[in-house]
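*Asks:* Residues are numbered in this note's numbering as their position in the sequence shown, beginning at 1, plus a constant of 4.
It is worth saying that the hints were derived from the structure and are not from the lab.
Keep in mind that a hint or two might mislead.
Stated by the list, open to error - With beta-carbon atoms standing in for the labels, derived distance ranges:
(1) S83 to K470: 18 to 28 Å
(2) A473 to Q503: 48 to 58 Å
(3) A198 to P439: 48 to 58 Å
(4) K211 to T366: 39 to 49 Å
(5) G413 to Q503: 40 to 50 Å
(6) A271 to Q503: 27 to 37 Å
(7) Q383 to I56: 19 to 29 Å
(8) L248 to D451: 24 to 34 Å
(9) N223 to P439: 14 to 24 Å
(10) L411 to K112: 57 to 67 Å
(11) N467 to N395: 43 to 53 Å
These figures come from a predicted structure and were not determined experimentally.
Where a beta carbon is used, it is the ideal one built from N, C-alpha and C, also for glycine.
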Amino acid sequence: MKRRIGMVVAVAAAAALVLGGCSTANSSSASSASGKPVEGGNLVIARSQDIISMNATDTFDNNSLRVMEQIMEPLFMVSNNGKTLKPWLATGYTISKNQLVYTINLRKGVKFSNGKTMTASDVKFSIDQDTKSGAAGWGFINAAIKEVSVVNASTVQITVSHPWGPLIADLSLFSNGIIPDNYGGKTEAAFYQAPVGTGPFVWDYWKKGQAVKLTKNPNYWQKGLPYLSSVTWTVVPDANTRKLQVQGNQIDIDDTPDWSTFASLKATPGVNAMTFPSTLMDWIAFNENRAPFNDVHIRTAISDAIDRNAMVKAVLFGNGTPAYSMLSPGTPYYDPNAGGDTYNVAKAKAAMAASSKPNGFTTTLLIQSGDANQASIAQIMQSELKVIGINMKIEQLDPTANKQARLAGNFDMSWNQWSMDIPDPDEWTSWAVNPKGGSNSAFTGYDNPKVIAINAEAAAETNPTKRAALYDQVQTITSQDAFIAYLFYSPYSYVATDQVKGFYVTPLGNYQLANVYKTK
């Protein structure tokens with residue numbers, strides 16, 4: 005996996021978009037399982053944590069996003085390989101000679117779940133709302149968009165302020181999912197209490213802390229889909245309970261299995277323990293707005309003190325690889341030679357000696373409560389940092405409080421996890437290295453003008469070879485700055501009963517439940 009891939013996604017995929025098509029009932033069933041798909045049934049997915057919000061423009065929570073993606077759909081959809089795009093609510097597009105105006109043709113006959121026909125006005129409103137969220141939400145992804153205009157009911161034009169390689173990939177992001185114009189006459193808050201979209205499923209209920217349920221959209225534009233009558237995500241914090249539930253057919257899918265039991269689940273009759281290639285990376289954020297983390301020597305010392313190979317064995321039970329770049333191997337323009345810190349205690353001690361705290365200090369690592377993997381990472385780091393004179397305490401907060409603390413900068417160090425949502429590195433690099441790009445440089449406060457400028461140049465570049473060279477620079481400089489401590493890359497893991505057919509997770513972490521069915 006240590007290779008650069010997908011280098012033509014942002015521009016070459018554009019040519020394929022007008023030729024590609026969407027999945028249909030017949031094609032999805034042929035690829036998902038042998039035999040005729042079964043209609044009806046309720047799919048139950050158990051997960052460790054609840055959703056937080058259905059507002060796509062400001063949600064950074066994957067649990068919420070996976071539910072959201074079944075309701076609200078984008079103009080373009082990532083393919084199963086996670087590297088290319090296909091038309092979805094759009095049928096294709098053209099670009100002006102100066103590369104500043106994109107004319108996008110919309111799929112005709114698409115209806116929202118409330119029966120209203122989707123038009124260009126809905127598309128304009130949806131993209132505009134995402135853009136308005138700015139750095140507080142996902143609006144940074146639309147930073148190059150100057151204007152969205154309605155040409156006619158089935159055509160929109162998007163004008164960018166300068167050439168922008170990732171635009172079509174940006175439009176595939178969940179935050180650019182299409183919703184009714186003016187929230188269908190509701191307030192924003194009221195709309196997201198029961199959101200409406202064009203997706204295969206419709207909002208039913210949310211019992212906070214317990215479950216969220218969606219039902220079949222009778223107006224779905226893909227005829228014959230979805231197969232299921234409903235999908236329910238239940239909240240089951242304990243990993244062993246989820247394991248017993250899937251083994252006992254009380255649930256259909258466990259979306260957060262414990263790596264410690266994964267091997268045994270693989271050998272369990274009637275159960276499918278599955279891994280999917282991912283763009284997932286675990287990492288530690290340093291709050292550079294707090295001393296001594298504004299000292300590169302401190303950040304380097306901590307990064308050098310982490311034994312990533314040992315962490316992969318202890319936390320992932322061997323199901324992963326150490327991370328040495330801010331990009332993952334499944335992300336376009338990944339550079340395996342980015343120069344990220346490796347485990348070197350002597351180098352870590354030397355960095356501490358050259359730092360503002362040569363005699364050590366006491367600090368805190370923020371993690372989410374109830375997460376076995378994060379607890380293991382924290383305990384390993386606690387032991388490793390002690391060797392170089394750092395006394396690290398562990399602070400555990402529930403997911404909502406944890407998110408609020410990171411957004412507010414109320415931490416020294418914090419555990420984080422990232423997976424790509426579009427097949428273009430700009431989503432992550434702009435979020436991570438630009439203080440104005442989203443969550444203050446991935447919660448760190450990192451602010452290197454040179455990196456910001458190179459990253460902006462890379463996003464504006466449409467030549468794949470030149471983009472690759474620029475992203476190599478971004479990866480190299482951020483590694484030298486040790487702005488975050490890379491930990492490891494891991495696959496996505498799911499456990500399902502053998503009654504579940506057609507379930508597939510892309511490297512970007514999303515799954516389309518329209519194609520899933522149960523044999524019983």
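*Asks:* Take the hints in turn and mark each one as holding or not.
*Replies:* Against the structure, the hints come out as follows:
1. S83 to K470: 18 to 28 Å: holds (25 Å)
2. A473 to Q503: 48 to 58 Å: holds (49 Å)
3. A198 to P439: 48 to 58 Å: violated (35 Å)
4. K211 to T366: 39 to 49 Å: The hint (39 to 49 Å, Cβ to Cβ) holds, given that K211 and T366 are roughly 41 Å apart.
5. G413 to Q503: 40 to 50 Å: For G413 and Q503 the Cβ distance comes to about 46 Å; the hint holds.
6. A271 to Q503: 27 to 37 Å: With Cβ atoms ~18 Å apart, the hint is violated.
7. Q383 to I56: 19 to 29 Å: For Q383 and I56 the Cβ distance comes to about 27 Å; the hint holds.
8. L248 to D451: 24 to 34 Å: violated (48 Å)
9. N223 to P439: 14 to 24 Å: violated (43 Å)
10. L411 to K112: 57 to 67 Å: violated (41 Å)
11. N467 to N395: 43 to 53 Å: Holds - the Cβ-Cβ distance for N467 and N395, about 49 Å, lies within 43 to 53 Å.
Checked against the numbered hints above, the structure violates hints 3, 6, 8, 9, 10; every other hint is satisfied.
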